[in-house]
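Student: So the chains spell out like this:
There are 2 protein chains.
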Amino acid sequence: MKVCKFGGTSVASAKQLKKVAAIVKEDPARQIVVVSAPGKRYEEDEKVTDMLIKLVQAALSGEDVSHPLEAVVERYAIIAGELGLGKEIVETIEADLEKRLQEDKQNAALFTDQLKASGEDNSAKLVAAYLTSIGLPASYINPKDAGLVVNGLPDRAQALPESYTNLSALNRRDTISVFPGFFGYTREGVLRTFERGGSDITGSILAASVKAEMYENFTDVDCVFAANPRSVENPVEIEQMTYREMRELSYAGFAVLHDEALMPAYKAAVPLCIKNTNNPKSSGTMIVAERDISNRPVIGISADSGFSTLYVSKYLMNREIGFGRKLLQILEDEQISYEHIPSGIDNLSVIIRSHQLSPEKEARIIERVKNELYADDVHIRSEFSMVVLVGEGMNNSTGLAARATDAIARTGANIEMINQGSSEVSLVFGVLKKDEKKILNELYKEFFEAAIVV
Amino acid sequence: MKVCKFGGTSVASAKQLKKVAAIVKEDPARQIVVVSAPGKRYEEDEKVTDMLIKLVQAALSGEDVSHPLEAVVERYAIIAGELGLGKEIVETIEADLEKRLQEDKQNAALFTDQLKASGEDNSAKLVAAYLTSIGLPASYINPKDAGLVVNGLPDRAQALPESYTNLSALNRRDTISVFPGFFGYTREGVLRTFERGGSDITGSILAASVKAEMYENFTDVDCVFAANPRSVENPVEIEQMTYREMRELSYAGFAVLHDEALMPAYKAAVPLCIKNTNNPKSSGTMIVAERDISNRPVIGISADSGFSTLYVSKYLMNREIGFGRKLLQILEDEQISYEHIPSGIDNLSVIIRSHQLSPEKEARIIERVKNELYADDVHIRSEFSMVVLVGEGMNNSTGLAARATDAIARTGANIEMINQGSSEVSLVFGVLKKDEKKILNELYKEFFEAAIVV
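For the protein sequence lines, the chains are A and B, in the order given.
The numbers in the UniProt record's numbering rise by one with no breaks, and the one at position 101 of the first sequence is 101.
The numbers in the UniProt record's numbering rise by one with no breaks, and the one at position 383 of the second sequence is 383.
To be clear, the hints were calculated from the coordinates, so they are not data collected in a lab.
These figures come from a predicted structure and were not determined experimentally.
There could be a bad hint or two in this list.
What the hints assert, rightly or not - Derived CB-CB ranges, DEER-like:
#, chain 1, residue 1, chain 2, residue 2, range
1, B, GLN57, A, GLU362, 39 to 45 Å
2, B, HIS379, A, ASN414, 34 to 40 Å
3, A, GLU44, B, GLY322, 40 to 46 Å
4, B, LYS434, A, GLU239, 35 to 41 Å
5, B, ARG353, A, TYR374, 20 to 26 Å
6, B, TYR374, A, ALA71, 53 to 59 Å
7, B, LYS433, A, GLU362, 39 to 45 Å
Glycine included, C-beta positions come from ideal geometry on N, C-alpha and C.
Given only the sequences and the hints, what does the whole structure look like? Please build it.
Tutor: Below, the structure is given as structure tokens:
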């Protein structure tokens with residue numbers, strides 16, 4: 001049995017849903033289908049989820065909801081019409097939305113969650129109706145009935161262990177199960193959503209629950225590339241990589257899969273495949289437990305900008321037990337997470353994503369580090385990028401760090417930070433944002449171009 | 001005016017003290033002399049400080065102290081005899097020790113401090129008597145009278161700001177001031193010692209107080225070498241380096257100067273010179289604020305073994321605000337300080353000096369990280385070494401990291417950790433202890449041998 005998850009662009013229109021149906025039909029192992037809410041049909045189009053957010057805002061502020069409600073229903077109606085489905089499914093969806101609008105608005109977060117989740121929920125109903133209409137018997141599965149149980153507020157929604165037992169029942173059905181992504185229910189029956197993009201998580205939980213032979217994640221790209229095609233011309237396709245490599249690449253913008261989606265499949269040892277709804281013949285990128293690293297020690301290079309560094313120096317800092325802990329406490333008080341902490345003997349730097357900072361926060365942090373930690377010097381600099389070299393071969397090939405630093409030296413750019421040593425599969429360079437692209441290209445040339453020639 | 005500090009081997013015997021006198025006599029600017037307790041005269045000899053520790057132990061356990069006391073007095077008596085000094089100085093020293101033995105033993109730490117400090121104190125009295133006897137009018141200066149005020153227990157003794165004002169009076173004396181190193185007095189008049197090796201600190205405080213033109217630290221080596229002569233054959237001598245470079249080199253065993261001794265001189269902009277009592281003609285190593293880096297971007301390479309790494313991995317760790325802080329809190333609860341924290345996306349390693357760990361501590365740490373932080377994996381590995389490349393040029397020359405990693409790659413050894421980015425003057429490599437020496441030699445070859453040929 002395979003679990004297939006189709007993203008927003010894959011269920012955005014009748015044309016796309018016909019591709020989905022063909023994919024499901026082609027392989028009888030595809031018994032569980034997880035769907036997102038309809039996404040964009042073209043660049044300027046609006047995603048159903050964004051339309052639902054507008055509907056929520058209107059409802060919460062007491063405005064007339066008829067226009068935004070109509071817009072959502074219309075999106076489904078267009079798809080249903082083009083697929084030749086009867087009026088019934090559209091009426092079901094409209095009634096569902098009206099019922100959700102009557103829900104308690106006291107807790108705005110929960111009201112928002114249940115209305116946003118309708119995007120995936122109604123998408124699943126529509127897809128089940130369509131598959132059935134073309135002779136592929138399919139049932140919409142309600143996550144509450146199926147037992148996708150999640151934790152309650154104020155935590156971020158995450159599946160509880162019992163979900164896996166409950167959902168394993170899905171491998172004993174004789175019709176195709178169409179399951180809405182993105183949400184579950186607490187033990188008390190309250191709907192809670194995952195983070196945006198969380199349909200990937202639903203698919204992974206289902207794949208783990210039924211011990212699927214594979215979790216296929218259908219998107220609108222053929223595969224994961226070895227570098228961002230926006231920065232590097234025609235990067236090579238990654239045919240196969242390990243879970244760890246995928247995870248380290250996600251560090252800096254390889255946003256093919258939601259961060260939380262890897263773990264359920266990984267723990268259940270279900271291989272994951274990234275495929276393209278628009279080009280299903282392409283073999284895609286397989287994510288597995290182990291791979292042969294002999295001809296490709298580096299699997300990919302990611303880069304991300306928008307980092308700042310908090311530099312702190314204090315004479316004899318290294319002897320002061322508790323210094324680092326107190327510094328991190330100050331950041332925690334500002335609700336700031338950090339990426340790396342390179343350190344010298346009397347100084348350390350904390351690498352932070354800049355979006356977490358503001359002039360007020362920076363001033364408070366500097367003030368506290370000076371006054372509470374008696375630092376000799378404190379300052380914050382921004383406009384840094386992180387370039388991350390990822391590969392299972394990182395740990396065994398001594399020459400890799402040398403090749404990488406040589407490549408960066410060739411660009412004439414300075415290396416502001418090097419971090420290696422905890423992850424066995426990544427090597428991180430901190431560089432000035434202005435140098436990011438040329439460094440990324442030179443590293444790509446060093447580790448991938450020779451391979452292309454062969 | 002120059003402040004000269006003479007270490008234990010420089011005041012260990014009459015022969016050595018004659019060298020000291022010649023050095024003091026040679027330059028009339030040498031107006032303040034700071035002395036350690038007599039050290040070893042030959043490899044198997046016992047330092048006076050160690051003899052005093054035995055005396056303390058006997059006194060505290062209520063044993064007969066006559067034998068250990070006699071041993072200490074005898075050491076001074078031999079020196080005094082060979083210098084042709086009268087009996088008086090030896091009687092003064094003996095009376096002083098007997099008086100100290102009568103002090104209150106309730107607080108063992110303070111009793112120990114005041115007895116240990118007699119090593120330096122009586123050394124200063126002896127040196128003052130000797131200099132005077134050969135026509136160099138000199139006075140023993142009592143740190144209490146002179147106002148070297150330090151903080152009280154339970155902190156580590158450190159000079160309070162008023163000391164600098166008090167001690168500045170020493171530049172208005174017309175005899176040579178001989179000042180005992182290693183201790184001061186609290187505002188309440190209680191004797192407190194610095195850390196072992198703390199005579200260097202006393203000298204630096206005095207040099208800063210009198211705004212000396214130079215602080216000369218006389219040891220038994222000609223200079224600071226670019227690498228440890230025990231690991232690298234005939235390393236080059238460092239003629240000049242900056243305070244920051246000296247500080248970063250102290251990371252890993254360049255133990256020429258006590259850690260805390262650099263700051264007073266640095267803050268008062270007093271240049272520091274490391275010189276050899278046994279070879280005063282040698283120009284030594286000058287430690288200054290700035291140097292020309294054009295022909296020597298790397299000034300030295302230090303290496304130290306005895307490091308362990310605590311590895312912790314947890315899925316989505318990087319999103320969890322407070323994870324690093326909680327981990328450091330667990331180490332702090334065990335009174336453990338750390339050196340570096342390299343990190344990947346879902347994992348981090350804490351580099352710790354192994355002597356701080358024990359099987360019990362390791363078990364408690366692993367248990368707590370698993371149970372309190374819900375880590376997926378925790379383990380501790382040992383037998384690591386840190387190799388540190390130090391140089392003011394580190395920040396401006398991109399090629400340095402490439403040259404260093406290339407050199408390590410040539411040895412065939414693996415790089416376990418790279419840390420660069422906070423200090424502008426150092427680049428740290430974590431390697432297996434077994435590879436330390438070959439890496440150190442290859443790095444030395446890369447950065448210094450070409451210079452020797454020129």
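Student: Against which earlier hints does the structure fall short, listed by number upward?
Tutor: 1 and 6
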